[in-house]
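The numbers in our numbering rise by one with no breaks, and the one at position 308 of the sequence shown is 308.
These are calculated hints, taken from the structure and not from any lab test. Watch out, some of these pointers could steer you wrong.
[What the hints assert, rightly or not] Cut-off 25 Å, straight-line C-alpha distance, at most; resulting in silico cross-link-like pairs (DMTMM-like, lysine to aspartate or glutamate):
(1) Lys144 x Asp93
(2) Lys43 x Glu116
(3) Lys377 x Asp458
(4) Lys97 x Glu116
(5) Lys455 x Asp433
(6) Lys439 x Glu425
(7) Lys431 x Asp411
(8) Lys255 x Asp169
(9) Lys275 x Asp433
(10) Lys469 x Glu384
(11) Lys66 x Glu95
(12) Lys84 x Asp183
(13) Lys170 x Asp284
[What the hints assert, rightly or not] Have a look at the derived ranges for each label pair, beta carbon to beta carbon:
(14) Ser401 x Met238: 28 to 38 Å
(15) Ser54 x Ala197: 53 to 63 Å
(16) Ser295 x Asn140: 13 to 23 Å
(17) Gln212 x Thr309: 45 to 55 Å
(18) Asp216 x Ser480: 28 to 38 Å
(19) Ala51 x Asn322: 42 to 52 Å
(20) Ser308 x Thr55: 54 to 64 Å
(21) Thr55 x Arg118: 13 to 23 Å
(22) Asp183 x Gln212: 35 to 45 Å
(23) Asn233 x Ala475: 45 to 55 Å
(24) Pro150 x Gly477: 39 to 49 Å
(25) Gly477 x Asp216: 32 to 42 Å
Bear in mind the structure is a predicted one, so any value in this text is a computation, not a measurement. Where a beta carbon is used, it is the ideal one built from N, C-alpha and C, also for glycine.
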Amino acid sequence: MKKSILFMGLALILASCGDTYENWGSPQSTEQEAAKTVSMSLKEAAAINFATLSTDSVQLFIPTMKVEDKASNLYTVTIFNANKSQTKQIVADSEGKVKASELEEAFIALWGRRPEQREVSLHIEAFTTINGMNIKNEGNTLAKITPNTPALENHYYYMGTNNAWSKTDKSFELQNGGGDIYDDPVISIILPAARNADNTIAAENSFKIIPQSAYDRGTATFFDGNIIGAAVNGDESMSGNFVVGKNDEVAHAFKINQTAYPGKYYKIELNLLEKTYNITAMNDPELFLTGSNYSWGGTWVPLVPVHSTTDTFWKIIYLHANEEIKFAPQAAWGNDFGSQATIDDQAGAGITDNGGNIKVANAGWYLLVVVNGSGRKLTILRPEVYLMGSTAPVNNWTIDSHNAFTIPTTDNGEFVSPAIGANGEVRMCIKLDTYDWWKTEFVVTTGGRLSYRGKGGDQSRVNVLTGQKVHINFANGTGSYQ
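Model the full assembly from the supplied sequences, consistent with the hints where possible.
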């Protein structure tokens, strides 16, 4: 790590015209300056734990500079991630100390928040100034760093009124977007309103959030630690800060006042790192799709809820080759998910994971069925649409292949039914196994728009004539009877 710089003086020879001749046979010059030599050695500093660090600066490495003359030193530090594919740069002072806040920010960006000690590679560039001249040295060393992050678990569950405070029921799991819990610490669940024995909506819903470790401990010591609750028992606030600790000594029950905040469902959302919570009363859960063909959030396409469910949605959609998609429970980013869901591709779409996005290999029309509950699942099916009942070619109130629509091959093509078999009220649906046909029913209105039943009641009926065919354009939400 030794560098030398040789500085050469230049002789300026000045001549002038005069009346007399002078002999300039002995040229003038300045004496050559001696070479400057600077060497650097680096040592690893003590391990850094941000959980116990209380100073504004911290020793990141220990430099030793050997220089002949009086000099000043400044360091630029390049910090690497695990495979050295990403870097961050910060500045260190002459002692190898850096601002603690800058180091922590750079470390989290490269390594995440998981509270584990990491051995971090550093590349040091030293700039030594001697008499106004700069000399550069380079070297490598390591640092051991642990972020200041609370210990989190991978699984958390609702426990309360909705499951009679069961110590064994884990059906109400709160989930994040599917990534590492330290990178995506917001977990949530949508619950139906708590109900009385006569199925009327109860006045309140009390609960706590239970980590997996409580179930691992068993019922005798179930509540001995890491329970998430309210600081004050029965706190009815719909947002605020939560506490973590032993049951009832630290972590008390949250309470949703379902009279003051009426809703069919309630969304419970926690930020595990910031220790905040938010509860939202909802009438009906929603689900939206966006992706590479929708400007990644520029457009949010709503899915249709399956009747009598709280977490299941469907959409007939054309997906292009190499298109990428994700889902979110609102028409905005937040708690979104993609390939983190369990994916069952039964239609040959050729699904792959591309950085958490769902990537499609094979273009075509598909039926997407998404469950956004305690376990997220995407099922990709052939988009089968059927006429039902007395106006269908075969009068049948179950799925019959004779009543199937044709499936287009272009992204703006029409699904076309067989000819109507009899005058009357048209009924149609998609094929979705395990669900009664009417739970996925829809109709083309007299105004030519697609209208989905969703979770609503019977739709306004439309009368059709024998021999007509139903034309549906799912791409733009229109249809006709011809």
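Consistency of the hints with the structure:
| no. | hint | in the structure |
| --- | --- | --- |
| 1 | Lys144 x Asp93 | holds, 19 Å |
| 2 | Lys43 x Glu116 | holds, 22 Å |
| 3 | Lys377 x Asp458 | violated, 28 Å |
| 4 | Lys97 x Glu116 | holds, 22 Å |
| 5 | Lys455 x Asp433 | holds, 18 Å |
| 6 | Lys439 x Glu425 | holds, 18 Å |
| 7 | Lys431 x Asp411 | holds, 21 Å |
| 8 | Lys255 x Asp169 | holds, 20 Å |
| 9 | Lys275 x Asp433 | violated, 41 Å |
| 10 | Lys469 x Glu384 | holds, 16 Å |
| 11 | Lys66 x Glu95 | holds, 14 Å |
| 12 | Lys84 x Asp183 | holds, 19 Å |
| 13 | Lys170 x Asp284 | holds, 23 Å |
| 14 | Ser401 x Met238: 28 to 38 Å | violated, 51 Å |
| 15 | Ser54 x Ala197: 53 to 63 Å | holds, 55 Å |
| 16 | Ser295 x Asn140: 13 to 23 Å | violated, 43 Å |
| 17 | Gln212 x Thr309: 45 to 55 Å | violated, 27 Å |
| 18 | Asp216 x Ser480: 28 to 38 Å | violated, 59 Å |
| 19 | Ala51 x Asn322: 42 to 52 Å | holds, 44 Å |
| 20 | Ser308 x Thr55: 54 to 64 Å | holds, 59 Å |
| 21 | Thr55 x Arg118: 13 to 23 Å | holds, 20 Å |
| 22 | Asp183 x Gln212: 35 to 45 Å | violated, 19 Å |
| 23 | Asn233 x Ala475: 45 to 55 Å | holds, 54 Å |
| 24 | Pro150 x Gly477: 39 to 49 Å | holds, 47 Å |
| 25 | Gly477 x Asp216: 32 to 42 Å | violated, 49 Å |
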